[in-house]
Amino acid sequence: MQKTTVVVIGGGATGVGILRDLCMRGVDAILLEQQDLAYGTSSRYHGLLHSGGRYAVKDAEAGKECIEENTILRKIGRHCVEQTEGFFARTHLDDEAFEGKWVEACAKVGIPTIPISVEEALRLEPNLSPKIKSVYRVPDAAIDGFRMVWQNVASARKYGGRVLTYTTVIGIEQSNNQVVGIKVRNTLTGEVSNIACDFIVSAAGSWAGEIAALAGINVNVQPDRGTLIAFNHRITSRIVNRLRPASDGDIFVPHGSITILGTTSASVNKPDDTVPNAKEVVELLNIGEALFEDIRSYRMLRAFAGTRPLYSADPNATGRGASRGFVTLDHAHDGLKGFVSVVGGKFTTYRLMAEKVTDLVCGYLNVKTPCRTAVENLVEDTSPALMAKARLYFPAYGAELAASRLGSEGLEKVIARIQEKPEKRQLLCECENVTMAEVEEAAADSTSYMISDVRRKTRMGMGTCQGAFCTFRSVGAVDANGLSWGKDTNVLFKEFLQGRWKGIRPILWGNVMREMELTRGIYEGTLNINGAIDNEGI
Amino acid sequence: MREYDIVVIGGGLAGLMAAAAATKRGKKVTLLSLGSGTLTIGGGIVDVMGYLEGGIPAATPSAGLLQVGEGHPYKKIGRPAIEESIRFFKEICEQEGYSYIGNLDKTQWIPTAAGTLKPTCLVPKTMDTTELKKADKVTVLGFDALKDFYPSLIAKNFKKIPAFAQKEYEVVMVDPKLSEGRDVTALDVARWLDTEEGLASCIEKMRNVIDSGSVVIIPPVLGTRPDYAVKEKLEKALGCHFIETASVPPSITGLRLRTMLVRYLKKNGVRIVEQAIVAKSIVEDGKCVAVITEGVDRERTYYAKSFILANGGFYGGGLLAEPGKVIEPIFNLPVEAPTDHELWANYSLFSSEAQPFAKLGLDVDEKMRPLDANGKVLLNNVYVAGRNLRGYDFSFEKSGNGVAIASGYQAAMSV
Chain A
1 MQKTTVVVIG GGATGVGILR DLCMRGVDAI LLEQQDLAYG TSSRYHGLLH
51 SGGRYAVKDA EAGKECIEEN TILRKIGRHC VEQTEGFFAR THLDDEAFEG
101 KWVEACAKVG IPTIPISVEE ALRLEPNLSP KIKSVYRVPD AAIDGFRMVW
151 QNVASARKYG GRVLTYTTVI GIEQSNNQVV GIKVRNTLTG EVSNIACDFI
201 VSAAGSWAGE IAALAGINVN VQPDRGTLIA FNHRITSRIV NRLRPASDGD
251 IFVPHGSITI LGTTSASVNK PDDTVPNAKE VVELLNIGEA LFEDIRSYRM
301 LRAFAGTRPL YSADPNATGR GASRGFVTLD HAHDGLKGFV SVVGGKFTTY
351 RLMAEKVTDL VCGYLNVKTP CRTAVENLVE DTSPALMAKA RLYFPAYGAE
401 LAASRLGSEG LEKVIARIQE KPEKRQLLCE CENVTMAEVE EAAADSTSYM
451 ISDVRRKTRM GMGTCQGAFC TFRSVGAVDA NGLSWGKDTN VLFKEFLQGR
501 WKGIRPILWG NVMREMELTR GIYEGTLNIN GAIDNEGI
Chain B
1 MREYDIVVIG GGLAGLMAAA AATKRGKKVT LLSLGSGTLT IGGGIVDVMG
51 YLEGGIPAAT PSAGLLQVGE GHPYKKIGRP AIEESIRFFK EICEQEGYSY
101 IGNLDKTQWI PTAAGTLKPT CLVPKTMDTT ELKKADKVTV LGFDALKDFY
151 PSLIAKNFKK IPAFAQKEYE VVMVDPKLSE GRDVTALDVA RWLDTEEGLA
201 SCIEKMRNVI DSGSVVIIPP VLGTRPDYAV KEKLEKALGC HFIETASVPP
251 SITGLRLRTM LVRYLKKNGV RIVEQAIVAK SIVEDGKCVA VITEGVDRER
301 TYYAKSFILA NGGFYGGGLL AEPGKVIEPI FNLPVEAPTD HELWANYSLF
351 SSEAQPFAKL GLDVDEKMRP LDANGKVLLN NVYVAGRNLR GYDFSFEKSG
401 NGVAIASGYQ AAMSV
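Protein chains in written order, with my numbering: chain A, 1 to 538; chain B, 1 to 415.
Simulated from the structure, these hints should not be mistaken for laboratory data.
We put the beta carbon where it would ideally sit given N, CA and C, even for glycine.
It is possible that part of the hints are untrue.
To be verified - Derived DEER-like restraints, expressed as beta-carbon distance ranges:
| no. | chain 1 | residue 1 | chain 2 | residue 2 | range |
| --- | --- | --- | --- | --- | --- |
| 1 | A | Arg78 | B | Tyr347 | 34 to 44 Å |
| 2 | B | Ile277 | A | Ser297 | 10 to 20 Å |
| 3 | A | Ser297 | B | Glu294 | 16 to 26 Å |
| 4 | A | Pro245 | B | Val289 | 52 to 62 Å |
| 5 | A | Arg299 | B | Lys280 | 20 to 30 Å |
| 6 | A | Pro245 | B | Gly324 | 23 to 33 Å |
| 7 | A | Pro130 | B | Gly324 | 29 to 39 Å |
| 8 | A | Ala213 | B | Glu168 | 49 to 59 Å |
| 9 | B | Glu170 | A | Ala416 | 26 to 36 Å |
| 10 | A | Ile114 | B | Gly324 | 37 to 47 Å |
Said to hold, decoys possible - 16 Å max Cα-Cα, derived EDC-like pairs, lysine to aspartate or glutamate:
| no. | chain 1 | residue 1 | chain 2 | residue 2 |
| --- | --- | --- | --- | --- |
| 11 | A | Lys421 | B | Asp175 |
| 12 | B | Lys231 | B | Glu131 |
| 13 | A | Lys494 | B | Glu353 |
| 14 | A | Lys502 | B | Glu342 |
| 15 | A | Lys279 | B | Glu342 |
| 16 | A | Lys279 | B | Glu322 |
| 17 | B | Lys137 | B | Glu168 |
| 18 | B | Lys177 | A | Glu423 |
Stated by the list, open to error - Now the stretches of chain A that chain B is said to cover, found in silico as 3 or more residues with beta-carbon under 8 Å:
| no. | region |
| --- | --- |
| 19 | 422–428 |
| 20 | 485–495 |
| 21 | 508–514 |
| 22 | 517–525 |
The following block holds chain A by itself, in its conformation from the complex:
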């Protein structure tokens, strides 16, 4: 039986943040994730590092937390953050009276808002609608949710942290009203096991209610579903928020070469209700037109949906009515010692949430080491010498990308693979500039069990062709390295392409339709990965 001091449930931003914080303070900890890291909400949002402007009017506390954490994450997570800055733009459809209220509210919590002329805004962002009425600059930024999670884990591992993916919690073991362990099931093998521990922290997000229920405790988390669209263009270089009270479809976030438009909001019963539909996409496009008039002429990559874990002590508050603040629930008050849930909050404040929870846990464990997550970088910067070496093996643009994605340790390992077999510098995924060596490195990690896991670590398959070419290559490369994780390779093909399909299906028109005809032509028509293995003809 494995033993540890603290078990953290949930491999999203909050969970990995807690794991890192605990390990940095010298506390032994294991993190459990039911799927792959960042599978849940932390990868199913727009990737906006909030300045706080979005919350200032309605939730000053959340606004203040955002601007503070924004400043910290820009520094410690600089390889995950693109410092784009943001606009708040009021369109001709929006209430002028709100503008003044918003400026005032931002000022109150320390969010800088710099008014600029519409003319200047259009010069900086030429795709913006010329009909907009006023524009402010704010310190918004774009943040890569996958990378952030992954780099937190990489850092936690350096301090002894352990991570088990595809591990679902099926029981909380207690003795005399004190947590003594946790019962888990490996979702890939079905194997059930126990981990002895003194403390359990649930950072399960939308699933927090379900986890607490295992201990007979009621935690009121209402999953709220949001659908987003990823466009295959950098429509805007800055984040563009619509200057109006928070509503559907009013944020555009650029990431590398793409742009994400979000989001809708609807209460749902299940935390994993993440299948977007065509109607939501059409609605988002209709709303998005107010900021970018020719939104329909841009090629969409996919739609996706995630659930926000909205917490309310009041079981009747839902959707945008619920607070975006976070709460740490010490279930000692419910009669079970050694069990804490952290609920609510948002990606931007994950580090702060982790700090508060870790403070609480450390208090119980009598650990006095102070929190250092606000000052220590997630990954070390790549040294000039290593960058120079990387440039020998990667194309110029690819070297920077790979360095940011991998951190210096990962980069060293990938370079070593290329040195050993130079043809592995070839791009396995042309859309996202991912080399075969990088895919192999990600596949070899102990948390990888299928191609989608490799995708979340590398971005392979996330570009224009959505896996039309790199799915075949990644399965081939993984298999050639003896790493098909005990699965039939046809299962690997299908799992990955079905994952892409989930996001393509609701936007199946225009060029996306063309792309899909190609993808099906390759995998179903030519490679027959769906065909019967039984073939009487032979």
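Once you've looked at the hints, dock chain B against the given chain A.
Just chain B now, with coordinates in the frame of chain A:
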């Protein structure tokens, strides 16, 4: 004003076959081509009918033809014409020195690069599996740096196929030394083998890793030209049998087929206009008078007595999809599609069902003329062929190229 007998719109297999059949009938033909259609994607193999509804394999292509549903293009074309079209296609291949093997009465299960088998009807000789079936030992040969071919994937998966499980597999690699920092595709290797030095060098390298008498599975790299020179030279020098797999694009087998058909058409006096984007048509009294292309320079008008519309489906741009709506851009022909976009596609990408969106397309009569919702012929001198036809999902049923050949032929014979 030059008037042709027939203007064929589209340079994929359906268009090329339509043009070929039309010239055989002595017609004066112009072919407007915007590219190679899906021929260079996966087009070198002629599937006719592999799987029926429910994902059940058809016993033979011929049996499959008889079992298709009412709306299927094969139903419109009819079996005799399908048989004739296949015969005609094989005749052209034979005549051009790049013959295809197979017939409607036998399914050929050919190896794919994923290590599966796929059912098809006609294949070039480079994909003949006769020796593969007989062999006790099979060599799978890959090329270092070719990122689109993984021999171990094939060897391992063949072990799982009942009929292939008893064989012994060996994986060997040849380094073509083509990488030098850039990415290598099957086309690069095929071009290398096209040259005398490349071929000689490859033979030397192969001699070191394969034994004489071996049956060797390789990626489709046996030359880019529509002949069997590379295959024959390799086999003679090494005493081996080579079998190409069905692979991811670029499709070398498709490239060979296109090269051959274009050569045949040119020999037979077909005028081929490349980079022709047909933008609109002139229609008078239920007949098309001309189509108009938009190029980089100016509009051009092509007059003809008849027109064959073979410009592809969604992939080729012959059909355009919008939420809940499909548009045929040249003639604005009606396409029936569910207005609720959710009904266009199944939740599962791969299952035992065809995808509804793949079946969207133009409805035609038995002469391949476009019909309205009431079954009335809309344009008397326009004929439709290939992927823009409704009622079939080529990926699912494995009927790609079969429908193209049969419908292209039928359209040309109906003119």
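Exercise for the section: Would you check chain B against the region 485–495 of chain A, counting CB to CB pairs closer than 8 Å, and say if three or more residues qualify? Expected result: It holds: at least three residues are needed, and the region 485–495 of chain A offers 5 whose Cβ sits within less than 8 Å of chain B.
Practice task
Kindly confirm whether 26 to 36 Å is satisfied by the beta carbon distance between glutamate 170 (chain B) and alanine 416 (chain A).
Solution key: Because 29 Å falls inside the window, the suggested range holds.
Practice task
Assess, step by step, whether the Cα of lysine 137 (chain B) is no farther than 16 Å from the Cα of glutamate 168 (chain B), and give holds or violated.
Solution key: holds, 5 Å
Practice task
Test coverage of the region 422–428 of chain A by chain B using CB-CB distances below 8 Å; three residues minimum.
Solution key: n = 6 at 8 Å, threshold three: holds.
Handout entry: Consistency of beta-carbon spacing, glycine 324 (chain B) to proline 245 (chain A), with hint 23 to 33 Å
Key = holds, 31 Å
Problem - Given pair status - glutamate 342 (chain B), lysine 502 (chain A), alpha carbons within 16 Å - result: holds, 12 Å
Exercise for the section: Take the C-beta atom of isoleucine 277 (chain B) and the C-beta atom of serine 297 (chain A), compute their distance, and say whether it sits inside 10 to 20 Å. Expected result: At roughly 18 Å between Cβ atoms, serine 297 (chain A) and isoleucine 277 (chain B) fall inside 10 to 20 Å, so the hint holds.
Handout entry: Pairwise hint evaluation, glutamate 322 (chain B) against lysine 279 (chain A), where the allowed Cα distance is 16 Å at most
Key = Measuring from Cα to Cα gives roughly 13 Å; hence the hint holds.
Exercise for the section: Starting from the range 29 to 39 Å, see whether the pair proline 130 (chain A) and glycine 324 (chain B) falls in it by beta-carbon distance. Expected result: holds, 30 Å
Practice task
Quickly compare the C-alpha distance for lysine 421 (chain A) and aspartate 175 (chain B) to 16 Å and report which way the hint goes.
Solution key: holds, 12 Å
Handout entry: Supplied distance hint 16 to 26 Å, evaluated on CB atoms of serine 297 (chain A) and glutamate 294 (chain B)
Key = Holds, at about 18 Å.
Exercise for the section: Return holds or violated for the Cβ distance of alanine 213 (chain A) and glutamate 168 (chain B) against the range 49 to 59 Å. Expected result: holds, 55 Å
Going through the hint list in order, the structure satisfies each hint without exception.
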